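Input sequences plus hints: build the corresponding full structure.
Chains H and U, in that order, are what the protein sequence lines are.
Add 39 to the 1-based position in the first sequence for the working numbering, that's all there is to it.
Add 200 to the 1-based position in the second sequence for the working numbering, that's all there is to it.
This list has only true hints and no planted wrong ones.
Which chain H residues face chain U? A few, computed with CB under 10 Å, are given here: (1) T182; (2) T190; (3) S192; (4) A359.
Computed from the model, here is a short list of chain U residues facing chain H with C-beta under 7 Å: (5) P341; (6) M351; (7) V352; (8) R354; (9) V525.
Read the hints as simulated data drawn from the structure, not as lab findings.
The structure presented is a predicted model; accordingly, all values stated were derived computationally and were not measured.
Ideal placement from N, C-alpha and C gives every residue a C-beta, glycine not left out.
Here is what each chain is made of, one letter per residue.
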Amino acid sequence: MAVMTQTASPDPVQPASGGDRIARFFREYYIYFVLVAVVVLLSVANLDKFDLFERGNFLNQNNIINILRVSAPLLTLAGAFTLLMVSGYIDLSVGSAMSLSAVIYALLAINGVPFLPAFALTVVAGAGLGAINGFLVVRLRITPVIATLITLSLYKGLALLLVQDGVSAIKSGGGLKMPSWFNTYGRVGTFLELPAAFWVAVIVTVILIVAQNRTLLGKYAAATGGNPTAAKLSGINTGAIVFLLYVIVGMTAALAGIARSSFMSLGDPLSGDGMELTAILVVLLGGTAFSGGEGRVIKSFIGALIIMALTVGMLTLVPAYFQTLVLGAALLAAAASNHLVSRKESRS
Amino acid sequence: MTVSTATEATARPGRRLSDEAFITSLVAAVAVGLFIVASVAVPNFFQPLSMLNLITNNWAVISLGVGVSFLLVSGNFDLSVGGIVALSGVLAVWFAQAPDGANALSTGFGFPTWLAIVCAMAGALAVGGLNALFVVALRVPSIIVTLGAMMVARGIAQVITQGSQRNTNLPDDFGVLGNLTMFGTSVKLPVVLMIVLVLVAVFIEKKTVFGRLTYWIGANPVAARLSGINNALHLTRLYLFSAAIAGAVGILLASEFKSGFSNRGTLMEFDALVISLLGGIAITGGFGSVIGMVFGALILAVVTSAATGMVLSPDWQFILKAIAVFLAIVTQTWALARRNR
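Below, the structure written as structure tokens:
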């Protein structure tokens with residue numbers, strides 16, 4: 040998958056002309072312009088009906104808080120998913136892993152396990168799910184797409200089985216009651232009126248940014264994605280790197296599941312459905328090459344903000360059934376523009 | 201990259217079976233073996249009607265599997281077929297609905313049924329063209345393109361049906377195609393069409409230049425291009441072929457239920473991929489066969505219906521699918537490695 044790509048690093052020998060510099064600047068920072076453009080567009084779209092900060096308009100404080108709250112799962116996932124794709128691998132099972140974690144977390148909570156142990160156990164379970172992916176890909180050498188398609192089906196089946204027949208999700212009822220603290224984590228504002236789940240997403244992202252920029256993990260991931268053979272020959276244990284990245288993705292999927300489950304106050308075995316597509320979308324939107332080698336955690340984070348702002352903000356303009364079409368078109372556009380840019384760079 | 205032995209599928213002289221025929225027989229043997237085990241172990245499994253159902257219940261996925269198999273053999277994914285099934289069905293219904301409905305969802309264009317079908321097929325082919333454009337001309341990886349195209353196709357279907365379905369105000373002859381029974385039996389037209397499609401596909405695969413070129417491109421795209429094969433044109437045709445099958449499946453399903461439902465065909469693209477993999481088609485390209493895919497579908501059908509017969513909850517199907525694909529991939533890799541040692 041990653042064999043054909045060249046790492047697109049700017050050539051230091053060639054003197055950059057003015058036009059080149061502008062192009063490079065735009066390529067480096069376009070994602071922030073897109074974010075600003077989306078926010079501005081959504082803010083002015085309803086100005087005929089509401090004032091700029093009035094309730095009902097995009098920039099209303101409650102609306103922003105709400106968007107950031109529901110974004111927590113995607114924001115948590117985006118960074119780790121980026122590193123995995125930078126190393127040239129993919130995980131289609133994140134949606135199912137997220138659903139399964141949500142169910143596990145809700146089951147633990149409803150059976151009387153306190154917050155911290157339930158939280159920790161779920162994250163450990165998520166690491167286990169990631170380790171299974173890593174094992175299939177690294178040890179059994181099954182193609183990543185197929186391996187994670189297998190676990191997509193497996194985790195989804197497990198999540199559905201953990202929920203009793205005839206009930207759609209883990210929730211209060213049948214003699215068991217969801218504890219009152221359950222939705223605090225994903226819903227109740229702590230700092231700046233934003234819930235803990237959002238701040239956990241920020242902390243995870245900061246850790247991963249540091250890991251990408253300041254530690255060997257980031258360099259090794261890029262090397263593995265850019266040219267796996269060269270990486271292996273220069274002594275990098277690419278198998279271990281990839282395995283570790285799958286485990287990290289599994290852990291963030293668990294965190295995302297906890298956030299979603301807490302926000303909805305139930306353990307829904309379908310809550311993560313389609314998350315793998317959204318994750319791929321935001322990572323590609325952030326400029327990560329699908330074939331690996333390059334990509335930035337922070338840009339995927341911004342990409343996730345853009346997609347969440349779009350999907351939530353769109354609801355005031357068009358009916359909800361436009362969502363799939365818009366996301367699909369965005370996915371195609373992001374994939375195509377990415378690919379054209381990296382092809383141009385590798386040619387010059 | 202992985203399952204690498206599968207691509208070294210050159211039959212050594214003096215061997216009676218090629219690797220491909222070997223894997224296909226292996227898959228067929230597993231299908232028959234599972235069938236016998238299920239007949240013995242599961243009560244009420246061994247009945248003529250339930251055996252017939254193994255095929256007839258799966259006509260849609262097997263038909264889709266034909267197009268998906270050809271693309272996999274050429275080294276490309278097609279995960280858009282489920283979306284196309286929804287889109288073409290919704291389009292056919294929309295074009296056929298009378299223009300004087302009581303509300304937006306019961307108002308269509310009032311086209312005669314045949315014209316509605318032609319228009320729906322055009323919509324399906326447009327999605328196939330979109331796939332080809334992005335994969336061939338822009339060289340974007342096919343898995344991303346076809347997932348995006350799946351979302352776009354399903355998204356358009358959802359917009360047309362406002363997120364639900366259109367099923368009123370349809371002409372009577374719209375429901376004929378999908379419900380026509382054949383030869384005085386309960387077998388419906390779509391099942392017969394599926395069998396014809398499989399036979400034609402096997403012929404194309406084994407006996408035509410077109411079929412062999414597909415393998416060549418899948419085995420080594422660069423060598424194929426350097427030997428003067430027009431890869432781009434070939435892949436475009438394959439994507440249109442697959443989209444046409446998916447479009448026809450969508451129209452037949454819409455006709456069978458007399459409704460265009462925007463969520464129809466959900467996960468069918470994954471099922472089509474799963475049966476192709478079970479049937480021994482290598483994801484790396486250049487290896488596999490349509491016959492294998494059909495046996496792969498039989499394996500999945502036997503496993504899931506046996507599970508239902510043993511009164512397992514339907515939720516088990518996802519786990520069974522996962523285990524079946526896992527075992528198939530591992531045993532096929534192992535068997536080929538052992539054979540070519």
